[in-house]
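K.L.:
The chain contents come next:
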Amino acid sequence: TQLLEQSPQFLSIQEGENLTVYCNSSSVFSSLQWYRQEPGEGPVLLVTVVTGGEVKKLKRLTFQFGDARKDSSLHITAAQPGDTGLYLCAGDNYDYKLSFGAGTTVTVRA
Amino acid sequence: GAVVSQHPSRVICKSGTSVKIECRSLDFQATTMFWYRQFPKQSLMLMATSNEGSKATYEQGVEKDKFLINHASLTLSTLTVTSAHPEDSSFYICSAGTGSYNEQFFGPGTRLTVL
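Heads up: the sequence lines are chains A and B, in that order. Position one of the first sequence corresponds to residue 1 (my numbering), numbered consecutively onward. Position one of the second sequence corresponds to residue 1 (my numbering), numbered consecutively onward.
Just so you know, not all the hints are guaranteed correct.
A few chain A residues facing chain B, derived, Cβ under 10 Å [said to hold, decoys possible]:
1. Val44
2. Asp95
3. Lys97
Listed below are the simulated DSSO-like cross-link pairs for lysine-lysine, each with C-alpha atoms no more than 27 Å apart in a straight line [as the list claims (entries may be wrong)]:
4. Lys41/B x Lys14/B
5. Lys97/A x Lys14/B
6. Lys70/A x Lys41/B
7. Lys14/B x Lys66/B
8. Lys66/B x Lys97/A
Here are the computed distance ranges between Cβ atoms for each label pair [stated by the list, open to error]:
9. Lys14/B x Phe10/A: 29 to 39 Å
10. Gln29/B x Gln14/A: 39 to 49 Å
11. Glu15/A x Lys14/B: 37 to 47 Å
12. Ile12/B x Ala68/A: 44 to 54 Å
13. Pro108/B x Thr62/A: 21 to 31 Å
14. Asp27/B x Thr105/A: 29 to 39 Å
Because the hints were derived from the structure by calculation, they are not lab data. Since the model is a prediction, treat every value here as computed from it, not as a measurement. For each residue, glycine too, the CB sits at the ideal point set by N, CA and C.
Chain B on its own, in the form it takes in the complex:
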């Protein structure tokens, strides 16, 4: 149980384009999903918390107009990187919270490369 999928796994785009990443909880409902960014050999950096049916809560320093989050249903959250630039290239990972102790179950991640 507690399987989270992410799509796409890799994306390469040109500077200025927008990229949408989907995160799905496959076998459970997730009222809360989290979006992280990870740089090589570093830990996870929380970008925002996505709540079903309400606006996302962004961490300090994360531009909400740059990283649009939509949590349309209890099993789907999307992250759209708008007008992507090379500095947005990174590994983006989503997770879904469940269980009694706030355990998070992670998707496999999306490698974004902006040329």
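Chain A on its own, in the form it takes in the complex:
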């Protein structure tokens, strides 16, 4: 059983469409991170959210941390083929270790 439930598991969309990935838990996290991983490579940190209700934007990516710091979402506007990859959320529940979600495989078709 994973501490962080990520949904959907797979997402395939056409270039230009929007998408949202969700990360939910019953636990409270001191911070939550989103990573993107491409095949054969290590995950790359996209953002860290810390404050409940926080919204961070990174170009076409918008990250939100829930008010209770138990959930988060990643929204991509006008997706491009370069956004294709495995998106992972990871929470720090007051431990030195991160708890990872199962990941969402995003495919953006040209």
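Could you slot chain B onto chain A? The hints should help.
P.N.:
Here is chain B on its own, set in the frame of chain A:
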């Protein structure tokens, strides 16, 4: 900043041999490094936490005599897969912890294939 390297990127070995994977933090000092294993299309599975100057902490179900970890300096941790078997074939990724919020920065990974 926060660059982590891993070497080798790929290794193919015969069953029964040992393989060493190096993980280096290039532009910062990392008192804590993490070793993960990843199966195709799955998330990361934490194997162990490596602390500089002390013994590694292994996750439940991970054999410490099978996966030897040495964190010799603040910039280098090594994972040795001893007497490797085909079931040890996997993608191994290290990370280094830094920053105020326990962010982890990952190496590019090592693809191990045991024949």
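K.L.:
Using the Cβ atoms, figure out if Asp27/B sits within 29 to 39 Å of Thr105/A.
P.N.:
holds, 31 Å
K.L.:
Does Lys97/A lie within 27 Å of Lys66/B when you go C-alpha to C-alpha?
P.N.:
holds, 22 Å
K.L.:
Holds or violated: the 29 to 39 Å window for the beta-carbon distance between Lys14/B and Phe10/A?
P.N.:
holds, 36 Å
K.L.:
With a cut-off of 10 Å on the beta carbons, see whether Lys97/A makes it to chain B.
P.N.:
OK, holds: Lys97/A within 10 Å of chain B, min 6 Å.
K.L.:
For Glu15/A and Lys14/B, compare the CB-CB distance with the range 37 to 47 Å and indicate the outcome.
P.N.:
45 Å Cβ-Cβ, so the 37 to 47 Å window holds.
K.L.:
How does the Cβ-Cβ distance of Ile12/B and Ala68/A compare with 44 to 54 Å: does it lie in that range?
P.N.:
holds, 48 Å
K.L.:
Would the hint linking Lys41/B and Lys14/B be met if the CA-CA limit is 27 Å?
P.N.:
Between Lys41/B and Lys14/B the Cα gap is close to 25 Å, so the pair holds against 27 Å.
K.L.:
Would the hint linking Lys14/B and Lys66/B be met if the CA-CA limit is 27 Å?
P.N.:
Given pair Lys14/B, Lys66/B holds - Cα atoms ~16 Å apart, limit 27 Å.
K.L.:
Between Lys97/A and Lys14/B, is the straight-line Cα distance small enough, at 27 Å or below?
P.N.:
Not OK: Lys97/A and Lys14/B at ~33 Å, beyond 27 Å, violated.
K.L.:
CB of Gln29/B to CB of Gln14/A, is that within 39 to 49 Å?
P.N.:
At roughly 45 Å between Cβ atoms, Gln14/A and Gln29/B fall inside 39 to 49 Å, so the hint holds.
K.L.:
Straight-line Cα separation of Lys70/A and Lys41/B no greater than 27 Å?
P.N.:
holds, 25 Å
K.L.:
Holds or violated: the hint that Val44/A contacts chain B, with Cβ atoms closer than 10 Å.
P.N.:
holds, 7 Å
Against the hints set out earlier in the document, a violation occurs for number 5 only.
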